[in-house]
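Colleague: With the hints as constraints, model all of the structure from the sequences given.
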Amino acid sequence: MVDTWQLVVFWALFAMMGVSALRVVTSSNVVHAALYLVVTLMGAAALYVLLLAEFVAWVQVLVYVGAIIVLMLFGLMLTRAPIGKGMFDNDQRLVAAVTAGALFGVTTWIIVDAFEGQKITLSKATGIRAESIGDVIFSSFVLPFEVISMLLLAALIGAVVIARRD
Amino acid sequence: MNAIVDFLGGDIVVTAIVKTVVAFAALLLTTLIVVWAERKVIADMQARIGPNRWGPYGILQTLADGIKLFFKEDFRPRTADKWTFALAPVLAMVPSLLAFAIVPIGDHITIGDRRIDLIVADLNIGILYFLAMGSIGVYGVVLAGWASGSKYPLLGGIRASAQMISYEIALGLSLVPVVLAAGSLSTVDIVAAQAGSVSNVSFFNGVPVLEQIAELFSFVPNWYIWSQWPAFFIFLIAGIAETNRAPFDLPEAETELIAGFHTEYSGIRFALFFLGEYVHVVIISAMAVTLFFGGWGGPKPDFLPWIWPIGWFVFKTGLFVYLFVWLRATMPRLRYDRLMWLGWKRLIPASLVWIMVTAVVNTEGVSRNARLVVFGILFVIVLFWLGKGDPRLTGAVTPQRRRVHGPS
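Residue numbers (this note's numbering), protein chains in the order written: chain A, 828 to 993; chain B, 4 to 411.
Treat the hints with care, as some may be off.
Calculated from the model, a selection of chain B residues having no Cβ within reach of chain A, i.e. all distances over 10 Å [what the hints assert, rightly or not]: (1) A19; (2) I52; (3) F73; (4) Y132; (5) Y142; (6) V145; (7) P308; (8) L337; (9) S370.
Computed, partial: chain A to chain B, Cβ under 8 Å [what the hints assert, rightly or not]: (10) V888; (11) M899; (12) F901; (13) M904.
In short, the hints are calculated from the structure, not lab data. Predicted, not measured: the structure shown is a model, and the values here were computed from it. The beta carbon of each residue, even a glycine, is placed where N, CA and C say it ideally should be.
Modeller: Pasting the structure below:
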């Protein structure tokens, strides 16, 4: 049963995320682009809250908004965000558009294919609790989880090796 | 009245709105009092008088300052980035205010036949929400530094982002053992897990003498400060670093950076940064109380039973705020490389080791001997590790470095 208010909020989020996602690629200032990306990611977190997935929502905020974009801003400030106004653009628009389009298509296809039109009913009483997510990750999805952690570990060690001076 | 309630969506919505407004007002009022109290306490510690003009003991001083700042001219540098410059102070203040939503300030009160829990929102993942809000708080400082369009704020902003990212990791990791011990991410459950007495801990059951000794301490509450003290100290240090206050106030080091990230800010926008810092202090204190000092728990006499938990909570939080002020009056500022050394090479490894220990100890079915072995290994690691101090402190200057940097 979809609530009217749920729909209203959904479309409001849709509009907000759409506009900010467009601005990410059209804005000429890199810091502004990063901030628009923050708005988009926060919109995604809000969508998760709308679907009663609080855990995923706040992990989204913590990891993407709180860590990745902050690190991006940090890097930009140290390297190429000049104080005041500046134009940044490059001539790889076509490649970028094709890559983004292909990624979008593949992801959409995977999601549609995986759910096969199956509908999930949400119940207000339970929501999605952190305990159940933990159970699922460490039972059915333990292999992908371990693979991802190995990947992250490799990236971490690689970063240290590259950054070491001696 | 009932028509309005129905229009807004019934009891739940109205309760939520009332709670939010009351919490917001109470937090701002507390912050004003904390600002005044800090000036008074620091004045006392430095043998000065402090504010004493407005109201008894100068208690209205903050209000006077606020009115002054509010009516000052609002200007920004020509090179500043207009929107980001305006956005930064708001981002510095709002996340700290929002974080208060998951702090339980008391048990519950009953109005009519309606039970009202004294917490704005008991989220299933409260701790995660607190960490998320803390991580958004970085934006205010970083953006202020960048948007001001001048170099000292930029340096302050970069310092702040490096510092806050480093200490956020330690802060997050220091909360994991508490979550493991309580078995829940909800602050309400964590407070509930700290009810009762220390002597209920089953670790000493069956050991003759120790059991009786444990019995003697039955008056001591079962707060996590006893079983989780390493986590508490890591939380406290990382929490102080998160608020950017002395001895971790490098982002606004006056002697090096003028005023750091808020150099170009004045008037009401500066006031927002200023208030944001104090709200953050109150939040970290409140979280320290909630996670390690039993939250609102305490003796509850029959007279007005609902007010005692609130009183205990305010009292404990007040002690922590005092600690913050005390540290500012006492501690010199850390050098930048020492700050990074402490964060990355001491706090983060320490919290990781402690997570492992807590995980082993809290697993059901682990025998007492196995636990003692874990403690023993931990003890050896800590001894070894403490012996290796910062090479820049113990080893002084190595011959090679003297050749490069020393006088020739």
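Colleague: If a hint holds in the structure, say so; if it does not, say that too.
Modeller: Hint-by-hint comparison with the structure:
1. A19: At roughly 14 Å from the nearest Cβ of chain A, B/A19 sits farther out than 10 Å, so the non-interface label holds.
2. I52: 42 Å, holds
3. F73: 27 Å, holds
4. Y132: Violated: least Cβ distance 5 Å, not greater than 10 Å.
5. Y142: 7 Å, violated
6. V145: 6 Å, violated
7. P308: About 30 Å separates B/P308 from the closest Cβ of chain A, which puts it past 10 Å; holds.
8. L337: The claim stands: B/L337 keeps its Cβ more than 10 Å from every Cβ of chain A (closest is about 20 Å).
9. S370: Since the minimum Cβ distance to chain A is about 24 Å, B/S370 lies beyond 10 Å and the statement holds.
10. V888: 4 Å, holds
11. M899: 11 Å, violated
12. F901: 5 Å, holds
13. M904: At 6 Å from the nearest chain B Cβ, A/M904 passes the 8 Å test, so the hint holds.
Checked against the numbered hints above, the structure violates hints 4, 5, 6 and 11; every other hint is satisfied.
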